[in-house]
Amino acid sequence: MLRRVTIRLVLVLIFFVVLDRVYTYTLFPRDMENLSPEILEIRKTQAETDLYYFAESSNFSTKKGDSIQNSISEISHLFFPRLKFTAINKPASHAGTFLKWLNEIDPSESKLKALVVTLNMRSFNAAWIHSKMEAQLQESLVFTYPFPNLFNRFLLSLKIFDNITEQQRDKLLRAEWQNEKISLPHPSKYKTVLDWDFAMAHGGHLKSDGTWDVAKSTLACHYIKAYALTIREDNPRIKDFDNIVQWCEKNRIKLYLNLMAENVQYADSLVGKDLVYLMHRNRDFLMKRYNKGICSVVDNMDLVPGKEFTDQDWTTEHYGYKGRMIVGKNLAKHLKQQFNNYYYNAY
Amino acid sequence: MLFNSLHFLFFLPLVVSLYYFTAHNYRWILIFIASCYFYMAFVPKYILVLFLIILIDYISALTIEQVQGKLKRFYLLASLSSNILLLAFFKYFNFLNDNLEFVFSFFGKEYHRVNLDIILPIGLSFHTFQSMSYTIEVYRGRQKAERHLGYFANYVLFFPQMVAGPIERYASLGQELKAVHVPVYTNITNGLKLVFFGLFVKMTIADNLAPFVNDIFAAPEKHSSLDVLGAIFAFSFQIYADFFSYSTIALGAARMLGITIMDNFKTPYLSKSVSEFWTRWHISLSTWFRDYLYIPLGGNRVKVPRWALNIMIVFMVSGLWHGANWTFVVWGALHGLMLLLERFSSRLFRFEIKPGWSFLNVLLCAKTFLITSFIWVFFRAESFQQAGDVFRALLNRWDTDSYYVMLVKVGSIGVLMALLDIFLYGSRFESRMNTLPVLPRWSIYFILFGGLLMFAGIQKFNFIYFQF
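Those protein sequences? They're chains A and B, same order as listed.
Going by this note's numbering, the letters in the first sequence line up with residues 1 to 347, in that order.
Going by this note's numbering, the letters in the second sequence line up with residues 1 to 468, in that order.
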């Protein structure tokens with residue numbers, strides 16, 4: 001019986017190997033196109049790309065009615081027309097996603113000179129870490145698993161990746177807000193994010209007639225939940241950014257962490273100085289940690305005025321044309337130090 | 001736990017291995033733990049609902065056996081009403097509220113509805129019906145009450161069929177669970193074949209049709225008539241593939257433990273009439289309704305109008321069993337009406353379906369498929385509005401562009417399903433395969449294996465019948 005079983009298993013294995021080859025040359029490109037276009041783009045472009053720009057939606061989101069639709073990476077590229085820039089974007093992506101993308105680059109085949117990675121402060125917060133979009137992001141990365149393509153596809157059909165339910169994510173999120181202590185240089189009225197959020201949600205802003213300003217209070221609550229955190233070493237994003245830096249050090253690729261502009265103006269007017277203090281303290285932590293050696297942090301944090309943000313009733317890093325121009329120019333200024341010979345004064 | 005998950009692919013071999021290494025006297029403990037674990041992978045706390053059902057029916061059956069006369073009837077009714085109330089609370093509470101609200105507002109009165117955020121425990125309709133059949137059988141004296149609580153619990157909880165059937169009777173599953181099973185090579189391989197085939201049908205056929213059906217049913221008005229027609233047929237294939245695959249995997253998992261459970265499907269779309277369809281589709285539910293509702297109502301041993309009423313009652317209750325929505329009731333009622341129409345017209349025209357596969361019989365199969373497909377619209381639609389939109393969209397526009405979607409997506413899967421049904425007509429997958437010579441047999445295995453790996457749907461969908 002053992003012989004019988006072994007023969008069958010060997011036959012299945014041989015068949016699998018043949019099938020994997022057939023799949024790789026036939027349906028695999030289409031599956032990649034549908035599920036992981038970013039990975040496909042990296043694999044296709046790495047031989048001729050000088051600079052990759054890895055980003056979430058901040059790169060390309062535009063304001064309705066913007067006369068100029070260029071993304072941040074396109075604006076920066078205008079200053080270096082002789083360099084080949086390739087932007088790889090996916091909404092809601094973060095350092096963990098960027099690291100997976102980076103691992104797709106084969107240093108021996110690539111002529112990569114620099115890498116720009118979006119450093120989005122909100123991506124360190126609990127809401128982003130436990131975002132419902134995480135499952136979709138993880139799904140797009142299954143084809144990077146170190147198994148045969150056909151096996152990876154089977155894993156996809158069984159949903160074998162970080163695919164916990166929305167209820168479980170909500171539970172984790174609430175627990176983290178409950179545990180995130182508000183640490184300020186002076187004694188704080190609120191112990192946790194939830195305390196602060198609760199206080200704001202119950203009469204944080206009043207209208208001139210004394211009634212409760214629901215819209216303003218709700219927006220203020222979003223700001224609290226987005227920025228009231230202390231980025232520490234144990235934050236999962238820190239580990240991923242550390243790995244990105246390590247990869248760049250190992251392969252001698254200059255790294256730019258593009259710290260995105262946040263709506264500091266609104267944070268101040270809606271919530272107050274305490275929240276702005278936390279935002280700046282987190283910025284300083286990131287600058288201190290990463291602005292050295294092969295890595296430069298491009299600090300855009302306070303550069304974009306509040307009204308230039310596309311989403312006026314939510315916390316995002318989506319900017320109108322003027323905002324994108326500010327960030328794009330600032331990045332170009334930093335890139336000029338490395339690519340002075342390629343620089344062209346576009347504006 | 002889902003059958004189409006990695007979790008199950010590890011769980012099943014582990015349980016099977018432990019089962020055969022465990023002494024017979026202790027196997028019930030293993031099955032009990034495995035079944036609880038299987039169920040608790042969904043919503044752990046709802047296992048308590050199952051325990052309650054088990055306790056109620058276990059005690060009721062023991063009591064029913066010991067008493068006589070009106071008291072016996074009283075205990076039966078108490079047990080049945082407890083089961084039905086439990087089911088009604090979880091499944092029909094909000095439905096009842098909606099209807100009361102409608103009735104009150106119709107008469108211009110205000111109704112203060114009580115909103116409960118209830119999630120229906122997965123497979124509750126299956127558990128209650130299975131458990132109720134046991135109590136009724138004990139009452140009728142056809143079944144001895146089980147003294148061993150563990151065996152009875154396993155009858156309700158048996159993991160391969162606990163979530164979506166087949167709805168087994170104690171006389172068969174209870175005995176199977178008690179019997180001594182030794183590891184038999186063919187049981188394991190036949191079981192594996194069924195599990196593998198079930199996974200192929202679910203993941204490659206049902207899960208590939210689901211996104212297409214969902215898109216079109218979500219906004220039928222935006223699609224051409226051909227797309228909508230395609231979606232109607234696609235849903236017919238999807239629900240069959242989905243439910244048939246579940247039953248096949250259940251059958252295979254049980255077989256690996258040496259336990260035989262009943263067939264729930266016998267190539268239903270090859271039925272020549274609606275009445276034949278119901279002897280081939282969800283057989284365990286049809287026979288449940290036949291034995292515990294249709295026959296007690298008088299069956300066909302009554303005058304014709306009463307018989308017609310019995311048919312309508314059975315089908316409408318069957319519709320309601322599926323879901324707390326009037327669309328399900330209409331779905332059942334339409335099946336009842338079609339069945340009556342068939343019976344009356346065959347009497348009127350003295351028409352009898354002859355056995356075999358004549359051209360006429362093929363046409364009759366096509367007719368049955370068309371009827372059931374159009375009636376499925378009420379089953380799939382979330383409201384009458386949506387069902388109406390789907391039917392209205394059939395008159396939208398006949399775009400030539402849609403031929404691609406229609407022919408490639410639905411057509412190819414339809415052909416595949418038809419071939420599978422013809423292949424399986426009158427037999428199960430594993431027994432049919434075992435009759436084939438080595439070369440064609442292994443060719444089919446490889447085609448299915450390749451199909452599963454290369455074409456399995458990437459979006460994963462729960463088994464449709466889980467919601468019932």
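Be careful, since some hints might not be right.
What the hints assert, rightly or not - Derived DSS-like pairs: lysine-lysine, alpha-carbon spacing no greater than 30 Å straight-line:
#	chain 1	residue 1	chain 2	residue 2
1	A	Lys273	A	Lys189
2	A	Lys273	A	Lys113
3	A	Lys159	B	Lys409
4	B	Lys222	A	Lys132
5	B	Lys354	A	Lys63
6	A	Lys189	A	Lys159
7	B	Lys222	A	Lys64
8	B	Lys45	A	Lys159
9	A	Lys132	B	Lys70
10	B	Lys45	A	Lys171
Said to hold, decoys possible - Derived DEER-like restraints, expressed as beta-carbon distance ranges:
#	chain 1	residue 1	chain 2	residue 2	range
11	A	Ile7	B	Arg397	41 to 49 Å
12	B	Phe106	A	Trp314	52 to 60 Å
13	A	Tyr25	B	Arg113	58 to 66 Å
Hints were generated in silico from the structure; no laboratory data involved.
The C-beta atom is built at its ideal place from N, Cα and C for all residues, glycine as well.
Consistency of the hints with the structure:
1. This hinted pair checks out: A:Lys273 and A:Lys189 have alpha carbons roughly 14 Å apart, not beyond 30 Å.
2. With a CA separation close to 40 Å, the supplied pair A:Lys273 and A:Lys113 exceeds the 30 Å bound.
3. Between A:Lys159 and B:Lys409, the direct Cα distance comes to roughly 23 Å. Compliance with the 30 Å bound is thereby established for this hinted pair.
4. The suggested pairing of B:Lys222 with A:Lys132 holds, with an alpha-carbon distance near 28 Å, which does not exceed 30 Å.
5. At roughly 70 Å between alpha-carbon atoms, B:Lys354 and A:Lys63 are farther apart than 30 Å, so this suggested pair is violated.
6. For a cut-off of 30 Å, the pair hint linking A:Lys189 to A:Lys159 is broken: about 44 Å separates their Cα positions.
7. A hinted pair counts as satisfied when its Cα atoms are at most 30 Å apart, and B:Lys222 with A:Lys64 qualifies at roughly 26 Å.
8. The hinted pair formed by B:Lys45 and A:Lys159 meets the criterion: a straight-line CA distance of about 25 Å does not exceed 30 Å.
9. Taken as a hint, the A:Lys132 and B:Lys70 pair is broken in the structure, with Cα atoms around 57 Å apart against an allowance of 30 Å.
10. As the CA atoms of B:Lys45 and A:Lys171 are separated by approximately 16 Å, the hinted pair is consistent with the 30 Å bound.
11. Between A:Ile7 and B:Arg397 the beta carbon distance is about 57 Å. The supplied range of 41 to 49 Å is therefore violated.
12. For B:Phe106 and A:Trp314, the Cβ-Cβ distance of about 43 Å falls outside the hinted range of 52 to 60 Å, so the restraint is violated.
13. Our hint of 58 to 66 Å for A:Tyr25 and B:Arg113 holds, since their Cβ atoms are close to 60 Å apart.
Of the hints listed earlier, those the structure fails to meet are numbers 2, 5, 6, 9, 11, 12, in rising order.
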